[in-house]
Structure formats: structure tokens, C-alpha cells
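A.B. asks: All chains should be built: construct the whole structure from the sequences, respecting the hints.
These are the residues of each chain, in order.
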Amino acid sequence: MAALRPRRRALLRLCRAFSSGGCQLAPERGGERRDAAPSRVSRFCPPRKSCHDWIGPPDKYSNLRPVHFYIPENESPLEQKLRELRQETQDWNQQFWANQNLTFLKEKEKFIDSRLKAKGLELRAESGQKATLNAEEMADFYKQFLSKNFQKHMYYNRDWYRRNFAITFFMGKVALERIWNKLGLKRKKTIN
Amino acid sequence: MNIIAKRSASWVGGCVWYLERRALQESPRRFLHLLRNVNQQWVTFQHFNFLRHMYVTQLNRSFNQQIKPKPEPVPSPFLEKASLDEAKTEIYKMRPLSPASLSLSRKPNEKESIELEPTPVIEGSIAVGTETKEEKQWKEMKLRVDDLPGILARLSKIKLTALVVSTTSAGFALAPAPFDWPCFLLTFVGTGLASCAANSINQFFEVPFDSNMNRTKNRPLVRGQISPLLAVSFAACCAVPGVALLTWGVNPLTGALGLFNIFLYTCCYTPLKRISIANTWVGAVVGAIPPLMGWTAATGSLDAGAFLLGGILYSWQFPHFNALSWGLREDYSRGGYCMMSVTHPDLCRRVALRHCLALVAMSAAAPALDVTTWTFPVIALPINLYISYLGFRFYRDADRKSSRKLFFCSLWHLPLFLLLMLTCKRPAAQGDAGGPQS
Numbered sequence: 001m002a003a004l005r006p007r008r009r010a011l012l013r014l015c016r017a018f019s020s021g022g023c024q025l026a027p028e029r030g031g032e033r034r035d036a037a038p039s040r041v042s043r044f045c046p047p048r049k050s051c052h053d054w055i056g057p058p059d060k061y062s063n064l065r066p067v068h069f070y071i072p073e074n075e076s077p078l079e080q081k082l083r084e085l086r087q088e089t090q091d092w093n094q095q096f097w098a099n100q101n102l103t104f105l106k107e108k109e110k111f112i113d114s115r116l117k118a119k120g121l122e123l124r125a126e127s128g129q130k131a132t133l134n135a136e137e138m139a140d141f142y143k144q145f146l147s148k149n150f151q152k153h154m155y156y157n158r159d160w161y162r163r164n165f166a167i168t169f170f171m172g173k174v175a176l177e178r179i180w181n182k183l184g185l186k187r188k189k190t191i192n
Numbered sequence: 001m002n003i004i005a006k007r008s009a010s011w012v013g014g015c016v017w018y019l020e021r022r023a024l025q026e027s028p029r030r031f032l033h034l035l036r037n038v039n040q041q042w043v044t045f046q047h048f049n050f051l052r053h054m055y056v057t058q059l060n061r062s063f064n065q066q067i068k069p070k071p072e073p074v075p076s077p078f079l080e081k082a083s084l085d086e087a088k089t090e091i092y093k094m095r096p097l098s099p100a101s102l103s104l105s106r107k108p109n110e111k112e113s114i115e116l117e118p119t120p121v122i123e124g125s126i127a128v129g130t131e132t133k134e135e136k137q138w139k140e141m142k143l144r145v146d147d148l149p150g151i152l153a154r155l156s157k158i159k160l161t162a163l164v165v166s167t168t169s170a171g172f173a174l175a176p177a178p179f180d181w182p183c184f185l186l187t188f189v190g191t192g193l194a195s196c197a198a199n200s201i202n203q204f205f206e207v208p209f210d211s212n213m214n215r216t217k218n219r220p221l222v223r224g225q226i227s228p229l230l231a232v233s234f235a236a237c238c239a240v241p242g243v244a245l246l247t248w249g250v251n252p253l254t255g256a257l258g259l260f261n262i263f264l265y266t267c268c269y270t271p272l273k274r275i276s277i278a279n280t281w282v283g284a285v286v287g288a289i290p291p292l293m294g295w296t297a298a299t300g301s302l303d304a305g306a307f308l309l310g311g312i313l314y315s316w317q318f319p320h321f322n323a324l325s326w327g328l329r330e331d332y333s334r335g336g337y338c339m340m341s342v343t344h345p346d347l348c349r350r351v352a353l354r355h356c357l358a359l360v361a362m363s364a365a366a367p368a369l370d371v372t373t374w375t376f377p378v379i380a381l382p383i384n385l386y387i388s389y390l391g392f393r394f395y396r397d398a399d400r401k402s403s404r405k406l407f408f409c410s411l412w413h414l415p416l417f418l419l420l421m422l423t424c425k426r427p428a429a430q431g432d433a434g435g436p437q438s
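Chains Z and H are the protein sequences, given in the same order. Numbering-wise (the numbering used here), the first sequence opens with residue 1 and increments by one. Numbering-wise (the numbering used here), the second sequence opens with residue 1 and increments by one.
In case anyone wonders, no lab produced these hints; they're calculated from the structure. For glycine and all other residues, C-beta sits at the position ideal for the given N, C-alpha and C. A couple of the hints might just be wrong.
Stretches of chain H that chain Z covers, calculated by requiring three or more beta carbons in the stretch to come under 8 angstroms of a beta carbon on chain Z [what the hints assert, rightly or not]:
#1 134-141
#2 200-207
#3 210-223
#4 226-237
#5 265-275
#6 323-336
#7 396-410
C.D. replies: Pasting the structure below:
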């Protein structure tokens, strides 16, 4: 991917410009992580002083909003585990839905083409507009597509529920840990 | 009695209206709140005007580079965004710009030209021009307290909750018992809380699916306005007091029904949507339980009248939902939802028509079960015939137009139907004239 390298260098410089001080972006790791996602690489870097996650616009293919996770300086092992789980789930979700939506579009096109050919119609009308089928004709395709992907959805659903529960559970644990730490620090201060 | 029923119906309507007005009024208030934040270091008035006219990306510390602005046609800052509630978070926490950078000249006629100092960053800079628009759409996931009521209202599907609570109120009002205001209020609040909890859990489960459907892509969890943990905590904070209020404030039967309904909606209906078309029937039961709860709250028992009311709500769900789902077939297919409209379209329309006719039959059964007088089926006949006619058109034509007509009819048919039932409520057996009861 020679074409990407100069962009990546620019990106890293951009990130470093922002990431001195508060925002620990870990650009190399971020770069790797971003390359792992199948769709477009997001070039977003949050402002330096931000201590929160940032959420982006819906992805073009998966319609899911990517989250840029904030890595605090004193990240505990539990917090790191949560963040990694969330990142991994995000990538997994992104992959599934991007693939799903692209497959849907491709198969829809194929279906429309085959139906139009069967009807003996051209793919484009004389005016140059793309010929389409009406909703009732498309209904066969929707039914077909749904039943074809049923098993895939079953596996996805099961995994999604598991991950969702795990993430929420860990979020709860992290929240409790933070409260506990705050209480612990307060007690130390009052003793001192 | 009639006056009380009308008052409660109008009060519920008023609440919904108030909530909608607040949502509209809040937007300019947030804008003013933004202006009030001038004290904070990272937002200055210079930023305000500056960002209004251009996007700036600092490519290095020397402030020498600048991205060509795209002229904004909208006069007010940040109103180019679709919703004003995003406007506040648009301002990034940028380092304060020195006056030198502000006075750098722009070339207004060039599109996306970049003034650069000769640095090795040139090759990446062109890509940055197109990125800044995307970057602008990134939002900080920081929960603001003033946004919280709006977010929670959307999380709990407040309009649907209002509808659920009004069907419960109708059940309460139609029950053959003296209207008890404290009991009514407890039922009202308890059912509302239970509904909020159920809706929040539903949204918690469905984040990636909601993201992929146009109808649901602006929900709070999808947009990251609230964390899943907070959503679940909110649901728990609604469910526990709600069910407790119903169980101990009203009666255990109502509490049990409330708890069962939450379970049915979150643990049966929601997962079943992706497994089998049976979800529609389960969902219809979910819709039928609130009037049952209203009835049991008033009388303490489930009798024939309660089941009739439940049956009416159950039957109503089919024309309502089947017609709605007709226009969403593409989204359902892509998202993996098992709905009759996709898998069994004939069944979908047949069931909708069948249940329109069932509504006619049940309005005739109402006086037979001593819920209403015999006037009721007569005066309800026009609207029942109309919805049956639309159901028949939907069955025959099977197109988007007829499905939309049926759906919109169902929206006004139900409140009107219940109101007519209330006005024709069977008076109490001791020879009262059927006037308003205290």
C-alpha cells in the first residue's frame, strides 16, 4: 500500500501535533487499529485536552457510528480490558454490517438486472434513468435475502447479546472501581 | 364520570403536547447556553465568528497552514446542522488562536486550496481538506445534565409510553368500580415507569439494528448520547419503583401484570423479532396487557370486561403494525428482522383485515358483557366500518398507498374508539343515572 504511506506519515504528524500532553492517542497503535477495520480509515484525532470518547458520523457502509476511545494516563487493567473489548466489538460489528449491507446492495442489483432482462427491458430507459422494479416485485428479493441470511443473523444475534452484556457488565465494574478509588482517596486525605 | 374520563384523556394529550413543545423550545435555549459559556477558555467569541466562516485545521504548531473555507450559506452559526442539539458540541476544544492566524488571508474563489509553508506534510494536506467536514461531525461523548431529560425521554420512547398509559387509563375508567383518584394516579405513574423501563431495555438490545434502519437511527444509544450502562441503570430505576408502586400501591395482580409485561416485551418480543414472525402476536399481547392492568387496578380482578378490552387492543395491533411494516420491508430484510410483511405478505394482509373485522365484532360484544350500553356499537360502527374498508383495500391492493392509509387511520381510530366506549360506559347497577362519578 505504497500510496497510503505518505498519507499515514501526515496523519501521524497530525496526531502528534494534537497529542502532546493530555490526549494520549498512541498513534502507531491507532494506525494499526484503523487499518484493521475494513472500511474507510477515519482520520479523526480528538483535541488535546479532551478526556472523553468521541463518536463519529455513521459509517458509509455499516451505518454504525465509530467511537474513538480515550486512553487515560492512569488506566487500570480493568479499564483497559473494557476499552479493548469495546474496540474489538466495534470492529467486529463494523465488519459484519459493512459486509451485510454491501452484500445486500450487490444482490439487489443482480436481482433487478435479472428481472429486467427477463422482462426484456433495458437496464436504463431511453431517458438515461436507471430502471427499477416496484416494491411488489422487490418483495420476492426481500424474502429471499432474509431467508438466505437467517442462520448468519442467528449467530450474530447470539454474539451481539453476549458482547453487549459483557461490555455493560464491565462498564459497571469500572464505574464501581472508580467510585471505590475516589472514596479511598478521600479517606486518605481526611486521615492525613 | 364522562367529564373525568375526558379530563384525563385531555390531560394525557396535554402532557404529550407539552413534551413536544419543550423539545422545540429547548433548541434556542441551548444556543444561548453556548453563548453563556464564553467564560470558558476554549470557547471565545472570536472562535464563534471564526468558525462560522471557516474550518481550520492546524497542521503544525506554527499556525501557518489553513484549509480553504467552504462558504456557509446559513447566516447563524451551527444551524447548518440538522438538529440544534448537536450545535453545542460542535465546538472542539481547540487551542486559542493567535490573532496572527485569524488575519491570514483567504482566497475566497478557490475551492479547497491550501496555503502551505513548504513542509513535508504537503502530500497529506489535500486529504485533510475533505476530512475536516467529517471531523466536524465527531462529537464528544460527554453527558450534559441539561440534555439528560430529552435523552431519557427518547430512550423511554415517551410518546409510546404516553399511549400505553392512556390505554391503561381507559381500562381503569371503563372498569365497573367507583373512580378512585389516588388509585388512578398510582396506576398511571406505575404503568408509565414500567413502560419506560421496557422501552429502554428494548433500545439497549437493539443498537446495531436501530443504526441500520431509517426509522430508528436517531435513538440516543445509537448516537452515543448515553452509555449502555446508564440506559440499563435508568431502566432499573424505572422498573423497580414502577412495579413496586403497582404491587404495593395498587394491588399485587396489577404489579404482576406489569412485571410480566416488561418481561414479555424485553425478553420475548425483542429477541423474537429476529427469529420468527410470531413476534407480532407476542407484541400484540404486550399491547393488550396495559388496559388489563387498568381494569385490575380499579376492580382487583380480571373479568370478562377486562379481557374484552385486552382483546380490542390485541386486535388493533395488527392493522396498525402490519400496515406500518409494509413500507419497511427493505429495512427489515437487510437488518434481518423476521416480519410477516417480508416472509408471508399474504398472511400479513389477511391478518390485518381479519382483526379489523374482529374489532367490529368486539364492539358488539361490549354491551353484551355489560361494559357499555347498546349505543356504543351503533355509534362506533362508522369508524369500525371505515377501518375495515381500509383493511380490505390493503388486502386487495397490497401497495404502499393503502398500507399508509390503514396505518394513519389506526392512529386516530383507537383513541376515538376508546373515547366512545367511555361515553357509553354502562352506568353502575344501583340505578344511578350514569352521570359523572366523583
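A.B. asks: Give a verdict on every hint.
C.D. replies: Evaluated hints:
Residues of the region 134-141 of chain H lying with their CB closer than 8 angstroms to a CB of chain Z number 7, which satisfies the three-residue condition for coverage. Requiring three or more residues with a Cβ within less than 8 angstroms of a Cβ of chain Z, the coverage given for the region 200-207 of chain H holds, as 3 such residues are present. A count of 5 residues in the region 210-223 of chain H with a Cβ less than 8 angstroms from any Cβ of chain Z is obtained; the coverage claim is therefore met, three being the minimum. Restraint check on the region 226-237 of chain H versus chain Z: 4 residues with Cβ-Cβ distances below 8 angstroms, three needed, restraint holds.
As drawn, the region 265-275 of chain H meets chain Z at 3 residues by the rule of a beta-carbon pair under 8 angstroms; at three or more, the given contact holds. Residue count for the region 323-336 of chain H with a Cβ under 8 angstroms from a Cβ of chain Z: 6. That meets the three needed, and the coverage hint holds. Counting residues of the region 396-410 of chain H whose C-beta sits closer than 8 angstroms to any C-beta of chain Z gives 3, which meets the bar of three, so the coverage hint holds.
Of the numbered hints given earlier, the model fails none.
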